[in-house]
Amino acid sequence: MNSGDTAWVLTATALVLLMTIPGLAFFYGGLVRRKNVLSIMIQCFIVVCVISLHWMLIGYSLAFGPSISGIIGNLDWIGLTGVGAEPHSAYGKTIPHFAFMSFQMMFAIITPALMIGAFAERMKFSAFLIFILLWATVVYAPLAHWVWNADGWLGGLGALDFAGGIVVHVSSGISALVLAIMLGKRLGYNHRPIRPHNLPFTVLGGALLWVGWFGFNAGSSLAADGLAAQAMVATQAATAAAALTWVLVEWWHNGSPTVLGAVTGAIGGLVAITPACGFVSPMSAMMIGMMSGALCYLAVAVIKGKLGYDDSLDAFGVHGVGGIFGTMAVGVFAQEAYGGKTGLLSGNVEQFAVQGLLVVVAVAFAIAMTFILYKIVDAIIGMRVEEKNEIVGLDLTQQSESAYTVIE
Amino acid sequence: MKLVIAIIQPHKLESVKKELEAVDVNLMTVTNVLGQGRQKGVTEIYRGAKEAGGLLNKVRLDIAVNEAFVEPTIAAINKGAHTGSVGDGKIFVIELAECVRISSGERGGTAIG
Numbered sequence: 000m001n002s003g004d005t006a007w008v009l010t011a012t013a014l015v016l017l018m019t020i021p022g023l024a025f026f027y028g029g030l031v032r033r034k035n036v037l038s039i040m041i042q043c044f045i046v047v048c049v050i051s052l053h054w055m056l057i058g059y060s061l062a063f064g065p066s067i068s069g070i071i072g073n074l075d076w077i078g079l080t081g082v083g084a085e086p087h088s089a090y091g092k093t094i095p096h097f098a099f100m101s102f103q104m105m106f107a108i109i110t111p112a113l114m115i116g117a118f119a120e121r122m123k124f125s126a127f128l129i130f131i132l133l134w135a136t137v138v139y140a141p142l143a144h145w146v147w148n149a150d151g152w153l154g155g156l157g158a159l160d161f162a163g164g165i166v167v168h169v170s171s172g173i174s175a176l177v178l179a180i181m182l183g184k185r186l187g188y189n190h191r192p193i194r195p196h197n198l199p200f201t202v203l204g205g206a207l208l209w210v211g212w213f214g215f216n217a218g219s220s221l222a223a224d225g226l227a228a229q230a231m232v233a234t235q236a237a238t239a240a241a242a243l244t245w246v247l248v249e250w251w252h253n254g255s256p257t258v259l260g261a262v263t264g265a266i267g268g269l270v271a272i273t274p275a276c277g278f279v280s281p282m283s284a285m286m287i288g289m290m291s292g293a294l295c296y297l298a299v300a301v302i303k304g305k306l307g308y309d310d311s312l313d314a315f316g317v318h319g320v321g322g323i324f325g326t327m328a329v330g331v332f333a334q335e336a337y338g339g340k341t342g343l344l345s346g347n348v349e350q351f352a353v354q355g356l357l358v359v360v361a362v363a364f365a366i367a368m369t370f371i372l373y374k375i376v377d378a379i380i381g382m383r384v385e386e387k388n389e390i391v392g393l394d395l396t397q398q399s400e401s402a403y404t405v406i407e
Numbered sequence: 000m001k002l003v004i005a006i007i008q009p010h011k012l013e014s015v016k017k018e019l020e021a022v023d024v025n026l027m028t029v030t031n032v033l034g035q036g037r038q039k040g041v042t043e044i045y046r047g048a049k050e051a052g053g054l055l056n057k058v059r060l061d062i063a064v065n066e067a068f069v070e071p072t073i074a075a076i077n078k079g080a081h082t083g084s085v086g087d088g089k090i091f092v093i094e095l096a097e098c099v100r101i102s103s104g105e106r107g108g109t110a111i112g
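Protein sequence lines, in the order shown, are assigned to chains A and B.
Going by numbering that gives the first Met the number 0, the first residue of the first sequence is number 0, and it counts up by one from there.
Going by numbering that gives the first Met the number 0, the first residue of the second sequence is number 0, and it counts up by one from there.
If you are wondering where the hints come from, they were derived from the structure by calculation, not from laboratory data.
Treat each hint with caution, since some may be false.
BS3-like, lysine-lysine: derived pairs with alpha carbons at most 30 Å apart [what the hints assert, rightly or not]:
{"id": "1", "chain 1": "B", "residue 1": "49", "chain 2": "B", "residue 2": "17"}
{"id": "2", "chain 1": "B", "residue 1": "17", "chain 2": "B", "residue 2": "78"}
{"id": "3", "chain 1": "A", "residue 1": "305", "chain 2": "A", "residue 2": "387"}
{"id": "4", "chain 1": "B", "residue 1": "17", "chain 2": "B", "residue 2": "89"}
{"id": "5", "chain 1": "B", "residue 1": "78", "chain 2": "B", "residue 2": "16"}
{"id": "6", "chain 1": "B", "residue 1": "49", "chain 2": "A", "residue 2": "303"}
{"id": "7", "chain 1": "B", "residue 1": "78", "chain 2": "A", "residue 2": "305"}
{"id": "8", "chain 1": "B", "residue 1": "16", "chain 2": "B", "residue 2": "39"}
{"id": "9", "chain 1": "A", "residue 1": "303", "chain 2": "B", "residue 2": "39"}
{"id": "10", "chain 1": "A", "residue 1": "387", "chain 2": "A", "residue 2": "92"}
{"id": "11", "chain 1": "B", "residue 1": "17", "chain 2": "A", "residue 2": "305"}
{"id": "12", "chain 1": "A", "residue 1": "184", "chain 2": "B", "residue 2": "78"}
{"id": "13", "chain 1": "A", "residue 1": "92", "chain 2": "A", "residue 2": "303"}
{"id": "14", "chain 1": "A", "residue 1": "34", "chain 2": "A", "residue 2": "305"}
{"id": "15", "chain 1": "B", "residue 1": "1", "chain 2": "B", "residue 2": "49"}
{"id": "16", "chain 1": "B", "residue 1": "49", "chain 2": "B", "residue 2": "16"}
{"id": "17", "chain 1": "B", "residue 1": "78", "chain 2": "B", "residue 2": "11"}
{"id": "18", "chain 1": "B", "residue 1": "39", "chain 2": "A", "residue 2": "34"}
{"id": "19", "chain 1": "A", "residue 1": "184", "chain 2": "A", "residue 2": "340"}
{"id": "20", "chain 1": "B", "residue 1": "1", "chain 2": "B", "residue 2": "11"}
{"id": "21", "chain 1": "A", "residue 1": "34", "chain 2": "A", "residue 2": "340"}
{"id": "22", "chain 1": "B", "residue 1": "16", "chain 2": "A", "residue 2": "387"}
{"id": "23", "chain 1": "B", "residue 1": "17", "chain 2": "A", "residue 2": "34"}
{"id": "24", "chain 1": "A", "residue 1": "92", "chain 2": "A", "residue 2": "184"}
{"id": "25", "chain 1": "B", "residue 1": "49", "chain 2": "A", "residue 2": "184"}
{"id": "26", "chain 1": "B", "residue 1": "1", "chain 2": "B", "residue 2": "17"}
{"id": "27", "chain 1": "B", "residue 1": "49", "chain 2": "B", "residue 2": "78"}
Here are a few chain B residues that sit away from chain A, every Cβ distance over 10 Å (derived from the structure) [claimed, not checked]:
{"id": "28", "residue": "4"}
{"id": "29", "residue": "50"}
{"id": "30", "residue": "65"}
{"id": "31", "residue": "90"}
{"id": "32", "residue": "112"}
Just a sample of chain A residues kept apart from chain B, beta carbon distances all over 10 Å, derived [claimed, not checked]:
{"id": "33", "residue": "85"}
{"id": "34", "residue": "232"}
{"id": "35", "residue": "252"}
{"id": "36", "residue": "255"}
{"id": "37", "residue": "257"}
{"id": "38", "residue": "259"}
{"id": "39", "residue": "296"}
{"id": "40", "residue": "299"}
Note that the structure is a prediction, hence the values are computed from the model and not measured.
Every residue gets a Cβ at the ideal spot worked out from N, C-alpha and C, and that includes glycine.
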């Protein structure tokens with residue numbers, strides 16, 4: 000056990016929680032209309048509560064517990080039985096098992112929270128609760144198991160995902176797209192502009208995400224060591240490059256550099272470097288950031304409009320697209336000197352192929368399971384709010400609250 | 000009695016207020032409003048989606064005056080808000096049927112000033 004490593008992982012754990020609340024709550028909250036901001040905030044807040052309990056009761060055992068043929072964890076660790084202050088040999092040899100479990104809990108929390116962006120402003124709160132519980136059980140836990148469990152089958156093939164490009168961002172981003180399509184467009188979408196109601200909230204939330212992401216990426220080293228520092232440098236390089244790229248591209252394409260563009264570009268860079276930050280050089284990280292910034296812009300500003308689905312806050316366009324790109328980028332840019340793995344540019348074709356397999360498996364799995372879960376929950380209680388409630392707004396109809404008073 | 004309604008540029012409120020006070024018109028109601036005139040609003044861009052027709056911020060003044068103050072009020076607003084470009088705003092004058100001061104119950108012309 001090492002006190003420095005433990006201190007860093009505990010700190011990083013708190014930083015990752017900061018990403019969901021208040022980071023994501025404000026990032027998404029600012030992007031919706033005044034009548035729906037509280038619905039976003041409560042969804043982000045309640046995800047923290049529901050998934051924390053789910054994780055300690057069963058989720059952690061399914062994801063990281065002793066493996067059944069590399070597919071899923073058994074139930075030995077339910078209720079955190081056998082998880083304690085002593086380190087576990089496979090999950091951070093120098094930190095308490097409790098610290099690893101807590102760090103991973105924050106990842107399990109933010110992943111379903113990211114999907115809120117796709118179904119914002121139109122999903123029933125009750126349906127949301129049931130859906131995320133099911134999703135955490137049959138999508139997140141298995142995927143985390145396959146990639147990160149010591150005996151997971153995808154990890155066993157050599158698939159690399161340093162901090163969750165696949166497990167967190169592709170799983171949530173792809174599921175988000177499925178949800179946005181199945182749920183249908185918001186009323187009035189395409190006919191009337193739907194403007195963000197408070198962009199300063201979005202900038203605040205986006206900036207908190209950036210800060211918290213150092214816990215996410217550098218914390219994934221599970222030690223206060225050189226690899227953590229490398230991940231931190233890569234994270235900063237990619238994020239700065241992606242934000243700047245988005246702004247420059249839209250300035251050229253639309254005539255104005257926007258603050259929403261800068262923040263969105265930054266998130267695109269953070270997502271793309273997440274799987275790669277433990278395997279690439281700072282200069283490669285810059286390249287990954289630039290390419291991700293441009294790619295996410297293309298997905299959100301050009302392609303989404305042509306396809307016509309209503310991914311309200313671009314959960315797919317940023318997390319799905321950036322996550323897939325970053326996962327493939329590991330297979331291209333990984334370098335022996337930075338984390339001991341190699342990619343295409345170092346002549347390793349096999350790694351690139353394995354990363355491709357990782358993407359295909361995660362995308363197919365997320366699509367299939369989200370489709371099935373949607374059908375189940377929709378059949379039981381209905382996913383979408385009634386039309387009149389959508390018009391009045393979710394804050395008043397789901398929560399019986401208003402964010403802003405007009406008259407005292 | 001007349002009701003003078005003026006729609007002006009928000010940044011001209013201070014100078015209009017000063018001109019009105021100079022002609023002894025001190026009572027007014029001020030509200031933030033949105034609108035568009037000949038300049039047709041603005042285009043906003045969110046994540047690459049252009050949204051034309053965004054309305055511009057304006058300030059509206061509602062001022063009730065007796066007949067003798069109508070022209071000085073119009074002149075003061077004009078002086079304070081005029082720049083000569085589109086978007087300076089408009090002044091509307093309409094007949095006012097009645098005025099009641101709630102604190103004293105006074106009515107008509109004496110209740111206005």
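Going through the hints against the structure:
1. Proximity of residue 49 of chain B to residue 17 of chain B is assessed by CA-CA distance (about 39 Å); at most 30 Å being required, the pair is judged violated.
2. Only pairs whose Cα atoms come within 30 Å are accepted, and residue 17 of chain B paired with residue 78 of chain B is accepted, the gap being roughly 10 Å.
3. Between residue 305 of chain A and residue 387 of chain A the alpha-carbon distance is near 28 Å, which keeps this suggested pair within the 30 Å criterion.
4. For the hint linking residue 17 of chain B to residue 89 of chain B, the alpha-carbon distance of about 18 Å falls within 30 Å, and the restraint holds.
5. Taking the CA atoms of residue 78 of chain B and residue 16 of chain B, the gap is about 11 Å. The hint holds against a cut of 30 Å.
6. As the CA atoms of residue 49 of chain B and residue 303 of chain A are separated by approximately 13 Å, the hinted pair is consistent with the 30 Å bound.
7. For the hint linking residue 78 of chain B to residue 305 of chain A, the alpha-carbon distance of about 50 Å lies beyond 30 Å, and the restraint is violated.
8. For the given pair, residue 16 of chain B sits about 27 Å from residue 39 of chain B by alpha-carbon distance, which is consistent with the 30 Å threshold.
9. At most 30 Å may separate the alpha-carbon atoms for a hinted pair to count; residue 303 of chain A and residue 39 of chain B meet this at roughly 28 Å.
10. Of the supplied pair hints, the one linking residue 387 of chain A and residue 92 of chain A is violated, its CA atoms being roughly 55 Å apart against a limit of 30 Å.
11. For the proposed pair residue 17 of chain B and residue 305 of chain A, the alpha carbon gap of about 53 Å is over 30 Å, so the pair is violated.
12. With a C-alpha separation of about 50 Å, the suggested pairing of residue 184 of chain A with residue 78 of chain B is violated against the 30 Å cut-off.
13. Taken as a hint, the residue 92 of chain A and residue 303 of chain A pair is broken in the structure, with Cα atoms around 45 Å apart against an allowance of 30 Å.
14. About 28 Å separates the Cα atoms of residue 34 of chain A and residue 305 of chain A, which keeps this hinted pair within 30 Å; it holds.
15. For the suggested pair residue 1 of chain B and residue 49 of chain B, the alpha carbons sit about 43 Å apart, so the restraint of at most 30 Å is broken.
16. Note on residue 49 of chain B and residue 16 of chain B: the hinted pairing is violated, with a Cα-Cα distance of about 37 Å set against a maximum of 30 Å.
17. For a cut-off of 30 Å, the pair hint linking residue 78 of chain B to residue 11 of chain B stands: about 10 Å separates their Cα positions.
18. In summary, the hint linking residue 39 of chain B to residue 34 of chain A is supported, as the alpha carbons are separated by about 27 Å, within the 30 Å threshold.
19. Taking the CA atoms of residue 184 of chain A and residue 340 of chain A, the gap is about 43 Å. The hint is violated against a cut of 30 Å.
20. Distance restraint check for residue 1 of chain B and residue 11 of chain B: the Cα-Cα separation of roughly 23 Å lies within the 30 Å cut-off, and the hinted pair is therefore satisfied.
21. As the CA atoms of residue 34 of chain A and residue 340 of chain A are separated by approximately 49 Å, the hinted pair breaks the 30 Å bound.
22. With a C-alpha separation of about 44 Å, the suggested pairing of residue 16 of chain B with residue 387 of chain A is violated against the 30 Å cut-off.
23. For the hint linking residue 17 of chain B to residue 34 of chain A, the alpha-carbon distance of about 38 Å lies beyond 30 Å, and the restraint is violated.
24. A distance of roughly 48 Å separates the Cα atoms of residue 92 of chain A and residue 184 of chain A; the hinted pair therefore is violated under the 30 Å criterion.
25. For the hint linking residue 49 of chain B to residue 184 of chain A, the alpha-carbon distance of about 19 Å falls within 30 Å, and the restraint holds.
26. With a CA separation close to 21 Å, the supplied pair residue 1 of chain B and residue 17 of chain B stays within the 30 Å bound.
27. This hinted pair does not check out: residue 49 of chain B and residue 78 of chain B have alpha carbons roughly 37 Å apart, beyond 30 Å.
28. For residue 4 of chain B, the shortest C-beta to C-beta distance to chain A comes to about 21 Å, beyond the 10 Å cut-off, and the non-interface label holds.
29. With a closest Cβ-Cβ approach of about 4 Å to chain A, residue 50 of chain B is found to fall inside the 10 Å limit, against its non-interface label.
30. Residue-level check passed: residue 65 of chain B sits 31 Å from the nearest beta carbon of chain A, beyond 10 Å.
31. Distance check on residue 90 of chain B: its Cβ is at least 27 Å (rounded) from any Cβ of chain A, clearing the 10 Å threshold; non-interface status holds.
32. The beta carbon of residue 112 of chain B sits about 28 Å from the closest Cβ of chain A, which is more than 10 Å, so the claim that it is off the interface holds.
33. At the 10 Å boundary, the C-beta of residue 85 of chain A stays outside the reach of chain B, the nearest C-beta of that chain being 48 Å off.
34. At roughly 29 Å from the closest C-beta of chain B, the C-beta of residue 232 of chain A stays outside 10 Å, upholding its exclusion from the interface.
35. Taking the minimum C-beta to C-beta distance to chain B, about 7 Å, the non-interface status of residue 252 of chain A is violated against the 10 Å cut.
36. The beta carbon of residue 255 of chain A sits about 6 Å from the closest Cβ of chain B, which is not more than 10 Å, so the claim that it is off the interface is violated.
37. For residue 257 of chain A, the condition that its CB be more than 10 Å from all CB atoms of chain B is violated, with the nearest at approximately 6 Å.
38. The non-interface label for residue 259 of chain A is inconsistent with chain B: the shortest C-beta to C-beta separation is roughly 6 Å, within 10 Å.
39. Non-interface call for residue 296 of chain A relative to chain B: violated, since the shortest CB-CB distance, roughly 7 Å, does not exceed 10 Å.
40. Distance check on residue 299 of chain A: its Cβ comes as close as 5 Å (rounded) to a Cβ of chain B, failing to clear the 10 Å threshold; non-interface status is violated.
Consistency note: the structure conflicts with the earlier hints numbered 1, 7, 10, 11, 12, 13, 15, 16, 19, 21, 22, 23, 24, 27, 29, 35, 36, 37, 38, 39, 40.
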